[in-house]
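Visitor: Mind the numbering: the sequence shown is residues 57 to 308 in this note's numbering, read in order.
Read the hints as simulated data drawn from the structure, not as lab findings. From the three backbone atoms N, C-alpha and C, an ideal C-beta is built for every residue, glycine too. One should not assume that every hint holds.
Okay, derived cross-link-like pairs now, EDC-like style, lysine to aspartate or glutamate, Cα gap no bigger than 20 Å in a straight line [claimed, not checked]:
1. K209 / E188
2. K209 / E299
3. K209 / D184
4. K239 / E160
With beta-carbon atoms standing in for the labels, derived distance ranges [what the hints assert, rightly or not]:
5. W272 / S210: 41 to 49 Å
6. I141 / G302: 42 to 50 Å
7. T237 / S210: 34 to 42 Å
8. W272 / R195: 33 to 41 Å
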Amino acid sequence: MKHAYELVADEAAQASFQREKTSTATRQRIGSTIKGHVMSWRLVFDVCLVGVALLSLLVAYNSKTHHDALVLTPGGSPYVEIPTIRMKFTASDYFFEPSMFYNETILIDKMERLVELSSDDRGIVVIDDWKEHNLPPPRPVNPKTVGGPDETKSTYTIAYWHHVHCIASVAKLYHNARSGTGKPEDDDEHMVHCLEVLRNAVMCLADTTPEDGVNWWENTHQCRDYQQLRSWAADHSAWNWTEIMGPRVDLL
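Could you build the full structure based on these sequences and the hints that come with them?
Guide: Printed below as a string of structure tokens:
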């Protein structure tokens, strides 16, 4: 015979207490689990914030470095930064004309005009913080041998002035070849050197301007402002070569 079983008052209270205790423990475990997940996600979130902050600082530092330092624009350097301008290429006989290759007087006149693209400092500058910008070591120069002060400075030549020099040299060397003057062997080596310099400069620039393919002129290009570059070089000039050597057309 099966006996019916009923909870007496004390047993009922005890059972109720156990159920409440179990429910409380369960809620605590659930709460701890949720809190643990929240803490984990908060940790992940905080780590992400720190990462974003560090990345922002890195970008800001690099941006400042590039701005103070150039911009890493095509054909530029990690040190000199100058603005760009829109420039239309036009044909002109101001700097060159065919007769200059047969007439030395006209040649000299054109060379003197090319000097306008150069400057008194000849692009020879002093960069004291070159190590900070990972530049190659500068070259010691002392202008005493050409009548300048007896002082040695560690200098660089900005490439633009080398290019201008080579443009003038190619014109003069071609004149020498057509007129039978000059020293052929030396002129040939100098010509090859300058053609190589200009070839590399063209490849470095890699101008992407679409040209019409008919007259090749009157096309607008995005260019660096060479006048601003001349101003920058004047601020970092090593010496005034025009004062030292005079206005020489063979030293652009």
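Visitor: State for each hint whether it applies.
Guide: Verification of the hints:
Proximity of K209 to E188 is assessed by CA-CA distance (about 18 Å); at most 20 Å being required, the pair is judged to hold. Distance check on the hinted pair: K209 and E299 sit about 17 Å apart at the alpha-carbon level, within 20 Å; holds. Of the pairs offered as hints, the one joining K209 and D184 holds, with about 10 Å between alpha carbons and a cut-off of 20 Å not exceeded. Our distance criterion of 20 Å between C-alpha atoms is met by K239 and E160, whose separation comes to about 16 Å.
W272 and S210 have their C-beta atoms about 42 Å apart, which keeps the hinted 41 to 49 Å range intact. Taking 42 to 50 Å as the suggested C-beta distance range, the pair I141 and G302 does not conform, at roughly 32 Å. The beta-carbon spacing between T237 and S210, approximately 37 Å, falls within the hinted interval of 34 to 42 Å. At roughly 38 Å, the beta-carbon separation of W272 and R195 lies within the given 33 to 41 Å, and the hint holds.
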